[in-house]
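There are 2 protein chains.
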Amino acid sequence: MADGLNMSRRIRRTPYTDRVETVGVRGFSVVNHMLLPKAFAPSVEEDYWHLREHVQIWDVSCQRQVQIEGPDAAELVQWMTPRDIGKAKVGDCLYVAITDHNAGLINDPVLLKLADDKFWLSIADSDVLLYAMGLAIGRGLDVEVGEPDVSPLGVQGPKAEDLLAGLFGDAIRDVRFFKFGWINFKGTRQLIARSGYSREGGFEIYLNGGHLGPDLWDAIWEAGQAHNIAPGCPNLISRIEGGLHSYGNEMTRENNPLEIGMEKYCKLDGSIDFVGREALQAIAAKGVTRRIRGIAFDGEPVPTCSRPWPVQVDGKTVGAITSAIWSPRLKRNVGQGMIDRGFWDTGQAVRVCTQDGVERAGEVSDLPFA
Amino acid sequence: MADGLNMSRRIRRTPYTDRVETVGVRGFSVVNHMLLPKAFAPSVEEDYWHLREHVQIWDVSCQRQVQIEGPDAAELVQWMTPRDIGKAKVGDCLYVAITDHNAGLINDPVLLKLADDKFWLSIADSDVLLYAMGLAIGRGLDVEVGEPDVSPLGVQGPKAEDLLAGLFGDAIRDVRFFKFGWINFKGTRQLIARSGYSREGGFEIYLNGGHLGPDLWDAIWEAGQAHNIAPGCPNLISRIEGGLHSYGNEMTRENNPLEIGMEKYCKLDGSIDFVGREALQAIAAKGVTRRIRGIAFDGEPVPTCSRPWPVQVDGKTVGAITSAIWSPRLKRNVGQGMIDRGFWDTGQAVRVCTQDGVERAGEVSDLPFA
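Residue numbers (the working numbering), protein chains in the order written: chain D, 171 to 540; chain B, 171 to 540.
These are calculated hints, taken from the structure and not from any lab test. Be careful, since some hints might not be right.
To be verified - No more than 30 Å apart at the CA atoms, straight line, and that leaves these computed lysine-lysine pairs for DSSO-like:
#1 B:Lys456 x B:Lys434
#2 B:Lys501 x B:Lys329
#3 B:Lys434 x B:Lys259
#4 D:Lys486 x B:Lys356
#5 D:Lys356 x B:Lys486
#6 D:Lys288 x D:Lys356
Claimed, not checked - To be clear about the criterion: a stretch of chain B counts as covered by chain D if any three or more of its residues have a C-beta under 8 Å from a C-beta of chain D, and this derived list gives those stretches:
#7 289 to 298
#8 415 to 423
#9 468 to 482
Stated by the list, open to error - Estimated spans, in silico, between C-beta atoms of each pair:
#10 B:Thr474 x D:Ser213: 23 to 29 Å
#11 D:Asp439 x B:Glu433: 29 to 35 Å
#12 B:Asp188 x D:Pro384: 38 to 44 Å
#13 B:Asp536 x D:Val260: 50 to 56 Å
#14 B:Asp484 x D:Glu314: 34 to 40 Å
#15 B:Asp262 x D:Glu314: 47 to 53 Å
#16 D:Lys501 x B:Asp468: 28 to 34 Å
#17 B:Gly512 x D:Gly357: 33 to 39 Å
#18 D:Phe347 x B:Lys257: 38 to 44 Å
In this text, a Cβ means the ideal position worked out from N, Cα and C, and glycines have one as well.
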C-alpha cells in the first residue's frame, strides 16, 4: 500500500470516474489535477493483447482543453508554437509543441481548429491554461482563455470504427486520421476525432457537458458488448512500442522540440514568429546534442521506471531511459529516452542501469519498435 | 487497491522520497507533478496527536519555488498579486494571492523576498511558473523565471525549535513567525523559515541542492530521536481545525481572494496595479456573495471528501464542503467550504449531504475551530 493515492477534491474526478470504478479500475495516475485510470484487471499485458484485437473505452478526461477564442486567438496560438498554423483548416487536429523563451518544451498538445477564431489545445500534463493566460494578459491580446467543460472519452482499438458507426452513423467512417467531425448525442452536437494515444488507433469524443458523461459511457459500453469491449487506458506497452512520447517522462522544459523528433512541425525560416524562435533557430543551426530513441534490452521484465535510468557505453553515460516496460510480443524490454549525439545510431550497443540495480545489455533502436 | 497510484518519472520523486519510503509511508498525493507523502502508520489520528506534542519531519518538496530574479522582478511580482509588496523586507515571508484577469485565484503561495530583485513564490498546486513566464514574456519584462533545485523540508510541532537549535545553533530561535534566516549545513548556506502548513508551527528548511537531501533528513532524524521525532505530513485534522485552506480544494479559479478571507492582503485603493484589480475592486464594492467558513456536523466519522458536499438550509443548497474529517479532539466532524451570504453566520443550522448518502445536521462555525 506504499503506492496508495490519497484522494481529495483537488485531484479532480471526471464525468466517467463512477463508471470506471464500477468496471474495476485498479489504479490511477494524476494528470492536469485530474484522475487518469492506469490499470484494470487482470494486467497491463492482458490489456495490451485485448487492445490489439478488440476495442476499449478510455477515460482520458485529463486531456483538458485550453480554449482560446476571440479576434486575436490565431495570433496567440501561433505565438505559442513553432508549427505553422496558417494553413490549418477547421476540422484539423495538429500535433504541436508549446515552447518557452529558451525553446524548452512546455507541452505537446493536439491543437483543434474549431473556427478561424476558436481553438482547443488538448494538453498533456502542465498548466498550459496559465501560460496562455499569462501571454495574453502580458501582451494585451483580445482573447478569452479558459477551460471548457469538455471531457474526452477514447474508443481505441481495431473495432472502434464499427462500434461507433453502429451507434452514431456511418458518417464517422469518413473522418480521416487527425481530423474531426461531429455526432449527435441526446440532442447535443459533439466533436469526434480520429485520434488517440495508442498505436492501434480509434476515436476520441470530446464530450461537451460533463453531466452527459455516464450516459455516453453507458451507450458505448452497451453497443460495445457485441465487439468484446473492455475498459482500458493508455497502455504503456503499446505506447512505448509505438514510439508515442509522454510529456514529463520523455521530455521536460530541459528539452526542445527538435530533440523529440518534431522537426517537421517547426517552421524556422522566419516566416512565423513564436516564443523561443531565436533559441530554436540557434539549436537547429548547431544541430541537437541528443535525441529521443528506442532502446531494446535484455534480462528479466523491468520494474517501473520512476526515475531516469542511465544508458552507458564503455562506462560513460550517454543518455537515459525515461519510460520502459517488458514487451510480451518482442520478448524483450523496450524503452524510450534521450541519447547523446555520437551514440544514437540504430544498433549502437549500450548498457542500461535499471533502478533495481541490475545492469542489462541492449542496443539503440528506431521508434516505433518493429 | 482501487486507490493505487501509478508511478512514473512524470510524477517526480523528491530528494527525500527514499527516506520517506524507508520510514514506512503508506500513501502519496501528487502536488506540482511531485510526490507528497500523505499517510504514515498507524493513522492520521495518531499522527495528529503526535504532532500536537512532539516533532515531525515532513517532505514538502512539492512546495516548489518559482524564482523571479532580475531588474523587473519586483514589478512582475507586484503585478501578480493584490498584496502590496512595496514595504516587504529581505527576510520576510508573505502569504499572497495570485490572481487572473477576473480576480480568480491561480494560487496562494508564500512569497519570500531574498533580495530587492530576487523572490521565491513557494507554491500550492498549479504551475505558477508558466503563468509568471507568460506574463513576463508577454510584457517583455527583464526577469529570469525558473524553478531552482530547492526542496523544502518541514520540521513541525512544539519540539521543532529545540531540535533545530541543537542541530544548527540558537540563532534560529530568533527567527520570528513568517520570517526567514540562514543556517549552515555541510558547508552550504540554507534558508530556514518559521512557517509550515500546521497549526502547531515549526520551521521549513528550503534545501538548495537536492543531492544534500538524504543527509539533511538523516541529520534531523538522528537529532530528533531525543525529541520523539516521527515522520509526518500535512495533517488533515490539524489543517481543518486550524483553518488552513488548500488550493484546489477550498478554492479554485472560480473563487477570489476576498472569499477566502484574504481582505487584509488585498490593496484595492488604486495605489498598486495587479492583474484583476478592476474585477476585484468591483467585487469588493458589491460585497462577496460567499465566503469560506467552518462547518461542524454530527454523525459517524465521514468518508474522504473527494467531491464537494452540498450544504443545505431548508432543502436549499447554500454552499458546499470541500474538505472534511472527524476531529478526535472535538468529537465531531469538521469541514471547510464556501457558504452563501445570508447563511454564513456562526451558528447557522445546516444539513450536510456527504458522498456516502448520509445527511447530517450541523452548524456554521468560525475558523479556526475552537
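Going down the list of hints, with the structure as the test:
| no. | hint | result |
| --- | --- | --- |
| 1 | B:Lys456 x B:Lys434 | 17 Å, holds |
| 2 | B:Lys501 x B:Lys329 | 26 Å, holds |
| 3 | B:Lys434 x B:Lys259 | 18 Å, holds |
| 4 | D:Lys486 x B:Lys356 | 29 Å, holds |
| 5 | D:Lys356 x B:Lys486 | 29 Å, holds |
| 6 | D:Lys288 x D:Lys356 | 24 Å, holds |
| 7 | 289 to 298 | holds (count 4) |
| 8 | 415 to 423 | holds (count 4) |
| 9 | 468 to 482 | holds (count 5) |
| 10 | B:Thr474 x D:Ser213: 23 to 29 Å | 27 Å, holds |
| 11 | D:Asp439 x B:Glu433: 29 to 35 Å | 53 Å, violated |
| 12 | B:Asp188 x D:Pro384: 38 to 44 Å | 42 Å, holds |
| 13 | B:Asp536 x D:Val260: 50 to 56 Å | 54 Å, holds |
| 14 | B:Asp484 x D:Glu314: 34 to 40 Å | 38 Å, holds |
| 15 | B:Asp262 x D:Glu314: 47 to 53 Å | 36 Å, violated |
| 16 | D:Lys501 x B:Asp468: 28 to 34 Å | 60 Å, violated |
| 17 | B:Gly512 x D:Gly357: 33 to 39 Å | 36 Å, holds |
| 18 | D:Phe347 x B:Lys257: 38 to 44 Å | 59 Å, violated |
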